[in-house]
Amino acid sequence: DTEVTQTPKHLVMGMTNKKSLKCEQHMGHRAMYWYKQKAKKPPELMFVYSYEKLSINESVPSRFSPECPNSSLLNLHLHALQPEDSALYLCASSQVGGGSPLHFGNGTRLTVT
Amino acid sequence: AQSVTQPDIHITVSEGASLELRCNYSYGATPYLFWYVQSPGQGLQLLLKYFSGDTLVQGIKGFEAEFKRSQSSFNLRKPSVHWSDAAEYFCAVGFGGNYGGATNKLIFGTGTLLAVQP
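For the protein sequence lines, the chains are F and X, in the order given.
The first sequence maps to residues 1 to 113 in the numbering used here.
The second sequence maps to residues 1001 to 1118 in the numbering used here.
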């Protein structure tokens, strides 16, 4: 079983909807990540939080809004998405510091209609 | 610029045969190196990692990988493949340090899809 839990597993939303993806970990990790993965492609980094502060934003469109309310939780708020945003969204966590391996959740499969 | 190359997009092996998946990286120093495996519709599971020291590292599920600095490679091996090993395998390079808070940033290769024949 994965130690990083993502909800929901599947999400279908219209282009005018607002929805949120949630991620939770209880491993004491202080770095948390959002990745986007299109079919048959590698994961692409979107955001990194370190000690609950946003440390990396990989030029992600503003229709994606991350939030880290505490050290265990990570949210990704979605608004006015486009069909091309349909993908598997993966959350990960790690210790802070170079070389710490990332632990991934099973992802949320998002479909934008 | 840093990059990771997995030359083989798709590999098919027979069950019980040996396996080697290739990974090459481009970086000015020795990076942190990882292999992850992803089953369909699932997240990524860490197989093994290399930071420093012994260049042959052992991982879970009987996998091992060898770091070769002269070839900038970190190939994944398994002596005898099981049907349950069929999955997508990603090599990743980590660049820790001063990334807005000393947080690890991973760059993934394009992946190798492994099929196992009975």
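Because the hints were derived from the structure by calculation, they are not lab data.
Among these hints, one or two may not hold up.
Using C-beta positions, here's what the derived DEER-type ranges look like [claimed, not checked]:
id	chain 1	residue 1	chain 2	residue 2	range
1	X	Glu1020	F	Met15	21 to 31 Å
2	F	Lys9	X	Ala1029	36 to 46 Å
3	F	Lys40	X	Lys1061	33 to 43 Å
4	X	Asp1054	F	Ser72	31 to 41 Å
5	F	Thr16	X	Thr1055	46 to 56 Å
6	X	Ser1080	F	Thr16	35 to 45 Å
7	X	Gln1045	F	Pro69	20 to 30 Å
8	F	Lys40	X	Glu1020	18 to 28 Å
9	F	Glu84	X	Ala1029	34 to 44 Å
10	X	Leu1056	F	Pro69	40 to 50 Å
11	F	Ala80	X	Gly1041	18 to 28 Å
12	X	Glu1066	F	Ser65	36 to 46 Å
13	F	Pro69	X	Glu1020	14 to 24 Å
Calculated lysine-lysine pairs in the DSBU-like style (CA-CA distance at most 30 Å, straight line) [to be verified]:
id	chain 1	residue 1	chain 2	residue 2
14	F	Lys53	F	Lys9
15	F	Lys18	X	Lys1049
16	F	Lys40	F	Lys22
17	X	Lys1061	X	Lys1049
18	X	Lys1049	F	Lys41
19	F	Lys18	F	Lys38
20	F	Lys53	F	Lys38
21	F	Lys9	F	Lys40
22	F	Lys41	F	Lys18
23	X	Lys1061	F	Lys40
24	F	Lys41	F	Lys22
25	F	Lys38	F	Lys19
26	X	Lys1068	F	Lys19
27	F	Lys9	F	Lys38
28	F	Lys40	F	Lys19
29	F	Lys53	F	Lys22
30	F	Lys41	F	Lys9
31	X	Lys1061	F	Lys9
32	F	Lys22	F	Lys9
33	F	Lys40	F	Lys18
34	F	Lys22	F	Lys38
35	F	Lys19	F	Lys41
36	F	Lys19	X	Lys1061
37	F	Lys53	F	Lys18
38	F	Lys22	X	Lys1049
39	F	Lys19	F	Lys9
40	F	Lys19	F	Lys53
C-beta atoms are modelled at their ideal positions from N, C-alpha and C, and glycine is treated no differently.
Sort out whether Lys38 (chain F) lies within 30 Å of Lys22 (chain F), counting only the CA atoms.
19 Å, holds
Taking the Cβ atom of Glu84 (chain F) and the Cβ atom of Ala1029 (chain X), is their distance within the range 34 to 44 Å?
36 Å, holds
Holds or violated: Lys38 (chain F) with Lys19 (chain F), Cα cutoff 30 Å?
19 Å, holds
Can you confirm whether the C-alpha distance between Lys22 (chain F) and Lys9 (chain F) stays at or below 30 Å?
Holds, at roughly 10 Å.
Does the beta carbon distance between Pro69 (chain F) and Glu1020 (chain X) stay inside 14 to 24 Å, or does it fall outside?
44 Å, violated
Straight-line alpha-carbon gap Lys40 (chain F) to Lys19 (chain F), limit 30 Å
25 Å, holds
Restraint status (C-alpha distance of Lys1049 (chain X) to Lys41 (chain F) at most 30 Å):
21 Å, holds
The hint says 20 to 30 Å between Gln1045 (chain X) and Pro69 (chain F); measuring C-beta to C-beta, is that right?
27 Å, holds
Does the hinted range 46 to 56 Å hold for Thr16 (chain F) and Thr1055 (chain X) at CB?
Roughly 54 Å apart at Cβ, these two residues keep to the hinted range, so it holds.
Regarding Glu1020 (chain X) and Met15 (chain F), is the given constraint of 21 to 31 Å on their beta-carbon distance met?
45 Å, violated
Honestly, do Glu1066 (chain X) and Ser65 (chain F) meet the 36 to 46 Å range at C-beta?
42 Å, holds
Hinted pair Lys41 (chain F) and Lys9 (chain F), Cα distance within 30 Å:
19 Å, holds
Violation of the numbered hints given earlier is confined to hints 1, 3, 6, 13, 15, 26 and 36; the remaining hints are satisfied by the structure.
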